[in-house]
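First to last, the sequence lines map onto chains A and B. Okay, so the first sequence: first residue is 1 according to this note's numbering, each after it adds one. Okay, so the second sequence: first residue is 113 according to this note's numbering, each after it adds one.
Honestly, the hints are just simulated from the structure, not real lab data. The structure presented is a predicted model; accordingly, all values stated were derived computationally and were not measured. A few of these clues could be false.
Pairs of lysine-lysine residues, derived as BS3-like cross-links and limited to a Cα-Cα distance of at most 30 Å, are as follows [as the list claims (entries may be wrong)]: (1) B:K181 <-> B:K169; (2) B:K169 <-> B:K129; (3) B:K177 <-> A:K81; (4) A:K99 <-> B:K169; (5) B:K130 <-> B:K169; (6) A:K81 <-> B:K130; (7) A:K99 <-> B:K129; (8) B:K181 <-> A:K81; (9) B:K130 <-> A:K99.
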Amino acid sequence: GQSLEQPSEVTAVEGAIVQINCTYQTSGFYGLSWYQQHDGGAPTFLSYNALDGLEETGRFSSFLSRSDSYGYLLLQELQMKDSASYFCAVKPIYNQGGKLIFGQGTELSVKP
Amino acid sequence: EAQVTQNPRYLITVTGKKLTVTCSQNMNHEYMSWYRQDPGLGLRQIYYSMNVEVTDKGDVPEGYKVSRKEKRNFPLILESPSPNQTSLYFCASSGHRGVAYEQYFGPGTRLTVT
């Protein structure tokens, strides 16, 4: 089937670096997106990798390797406000419409 | 301000009583989508729309209907709600119709069906 797998929880301390992984079992997709969600609020878009490699946006970076069926979100200089849930998402190639698949989300807890 | 709005934000209803959750965006986006979020299950797509009068099923369409008569609006209709439709619902839109990334999400509608 088509699925994305993420760790359910990650804990890190303020100022540290944390990596949230997203592995997928899907035959092909257009790119990997990441979203952040605080306490059941509206998810907000963080990044999109259309191609393999690293995309950097401030303290956040995202990486994609299609050959390894793997991507990750890297958060540097962690702040308390980074405590949130993080979701990866893909649009499968097999669907030429607008179908999207999301991972189950990773809850990040940043400790002082 | 660019935004997606949903109404109502909270709703408690009874089994079988038809309801509609409205969604509107002011960004002239072609792509819109509905999701439900349940603990441990992440975001699951219910329906999406690639443009006016073009809608299609996501992963969990059973028990839901949608319509897209205008570009800005994409209402979600539950004709006969059941308790298993108790959930947090999000509407989203994207200007990248082809790959639908960079979605803008509404604030969510928390629905309880008793």
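So, going through the hints one by one against the coordinates:
no.: 1; hint: B:K181 <-> B:K169; in the structure: holds, 17 Å
no.: 2; hint: B:K169 <-> B:K129; in the structure: holds, 23 Å
no.: 3; hint: B:K177 <-> A:K81; in the structure: violated, 37 Å
no.: 4; hint: A:K99 <-> B:K169; in the structure: holds, 8 Å
no.: 5; hint: B:K130 <-> B:K169; in the structure: holds, 20 Å
no.: 6; hint: A:K81 <-> B:K130; in the structure: violated, 39 Å
no.: 7; hint: A:K99 <-> B:K129; in the structure: holds, 29 Å
no.: 8; hint: B:K181 <-> A:K81; in the structure: violated, 39 Å
no.: 9; hint: B:K130 <-> A:K99; in the structure: holds, 26 Å
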